[in-house]
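S.K.: One letter stands for each residue in the lines below.
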Amino acid sequence: MDCLEFRRRLGAEPQSRDPALLVHRRDCPACAAAWERAQAFEHELQAALDVPVPKGLVERVLLAQATGERQLQYRRRHRFGYALAASLLLALGMGGYALHQRDAGSLPALAVAHMPFEIGSLDLVRPISARAIAAGFADRGIRLRGPLPAGVTYVHDCPVGPYKTVHLVSRIDDMPVAVLYVPGKRVPQARDFQRGGWHGRIVPLQRGTLVMLTDRQGARPFDRVAQGWRLAIDGSGAARVTDRPVQASGLLAP
Amino acid sequence: MKRLGPVSLFVNPRQRQFEALTRAHAGDLYRFAYWLCGQDALSQDLVQETLLRAWKSLDALREAESAKPWLLAILRREHARIHERKPLDTVELDEGIAEESAWASPERHGDAAELREAMSKLPHKYREPLLLQVLGGMSCEEIAVELGQQPGAVMTQLFRARQKLKSILQGDRPEVQHGLS
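Residue numbers (numbering that gives the first Met the number 0), protein chains in the order written: chain A, 0 to 253; chain B, 0 to 180.
Hints are all accurate, no fakes.
Taking lysine to any residue and the SDA-like style, the derived pairs with C-alpha atoms no more than 20 Å apart in a straight line are:
(1) B:Lys-67 to A:Glu-58
(2) B:Lys-55 to A:Arg-69
(3) A:Lys-54 to B:Gly-26
(4) B:Lys-165 to A:Asp-49
(5) B:Lys-55 to B:Ala-19
(6) B:Lys-165 to A:Leu-48
(7) B:Lys-67 to A:Leu-48
(8) B:Lys-165 to A:Glu-12
(9) B:Lys-67 to A:Leu-56
(10) B:Lys-55 to A:Glu-68
(11) B:Lys-67 to A:Asp-49
(12) B:Lys-67 to A:Val-57
(13) B:Lys-55 to A:Gly-67
(14) B:Lys-67 to A:Leu-61
(15) B:Lys-120 to A:Glu-43
(16) B:Lys-124 to A:Leu-48
(17) B:Lys-165 to A:Gln-45
(18) B:Lys-55 to A:Ala-63
(19) B:Lys-165 to A:Arg-36
(20) B:Lys-165 to A:Gln-38
(21) A:Lys-54 to B:Gln-38
(22) B:Lys-55 to A:Gln-72
(23) B:Lys-55 to A:Glu-58
(24) B:Lys-165 to A:Ala-39
(25) B:Lys-55 to B:Ser-65
(26) A:Lys-54 to B:Leu-20
(27) B:Lys-124 to A:Glu-12
(28) B:Lys-67 to B:Arg-126
(29) B:Lys-120 to A:Leu-48
(30) B:Lys-124 to A:Arg-7
(31) A:Lys-54 to B:Leu-41
(32) B:Lys-55 to B:Arg-76
(33) B:Lys-55 to A:Gln-64
(34) B:Lys-55 to A:Val-57
(35) B:Lys-165 to A:Glu-41
(36) B:Lys-55 to B:Ala-66
(37) B:Lys-165 to A:Arg-7
(38) B:Lys-165 to A:Ala-32
Keep in mind the hints are simulated off the structure, nothing from the lab.
Based on the sequences and whatever the hints tell you, model everything.
M.R.: Here's what the structure looks like:
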């Protein structure tokens, strides 16, 4: 390394500890003196650049960062809360829809939905013949086992939802009661229901279910109607129906 | 007004790293920013913005040794971004610190004051690599990478920066670029 190269390197990188630089400094007094001057200048330059840092700068930066971070967490928590609430609403909506769908497929719902098509049958007052009633059941492959109840004014084989039913009307004390016998469908227990302006009762029989409906006010003779049709469909060996008010636990007596 | 919960006593490692980074380098970042733009308030804003950006991408920092060049690079980009938005007013570099008691102490007068004035007159193309070297402790190669230049060109700029400073200090005498002074 010659003096020119040494001075170039010294001017550009005075802090360099390149061995070639140090060797030339050792061997050349003029360049050694230049190196000393360069170091002094660098010292002055460092001091000149070393401007005082404003007090509290670090703390202000940390405060800004911590505040921003906590605001971010706050927004994240809120977003999570909204997402959770939306999920719950969706779950509730889906649950409600599922319940509604399940309810819409229930026998009471199907029976009530069927009634507008047959609403005129409740106004019939003339009893029909035993042969017509037996024929109505025979169309569904059912043979009646007991005496028929009195005051039957209508019989028809009606599809109710997925079920093939025998639709009857029993009139007792001038109160018409629509009766849907659903063969092959079993329900666990008897229960009353009320929906869409209709009052009803659902009663399990030996090989099917009886659904009784009326839209009239007053004493509803569901017990007597059920007793009559139980005897006719199940026969004399069937359980009897009491006249006690209907509870959710059922109304059948042994 | 939004209510925030109590500050947690637990400080995660990332937060600790950021605090250490800030305490270790905020001073040098401020000095670099100050000599870059010449304004105290803007320099503080640049430091804060730089460190907040560093916080967001802290996972990119793999080695403690590369923290300072990394931060200086972020600060340079922030400074350039501000320049793109609006041209800055020209401010004398030592205007904002002239009354600082620490700075105005007797031992700071004299050569240092003249050198600061000379720095303020140093063209940006010389000042920036010189700052990266003296304040940032970066080598020619590192500066070349940061500035997107060849190492040889950076060496020339650093040489000329010092020559120019000396020239200004000596009363703007003609610059001696490669002579043996």
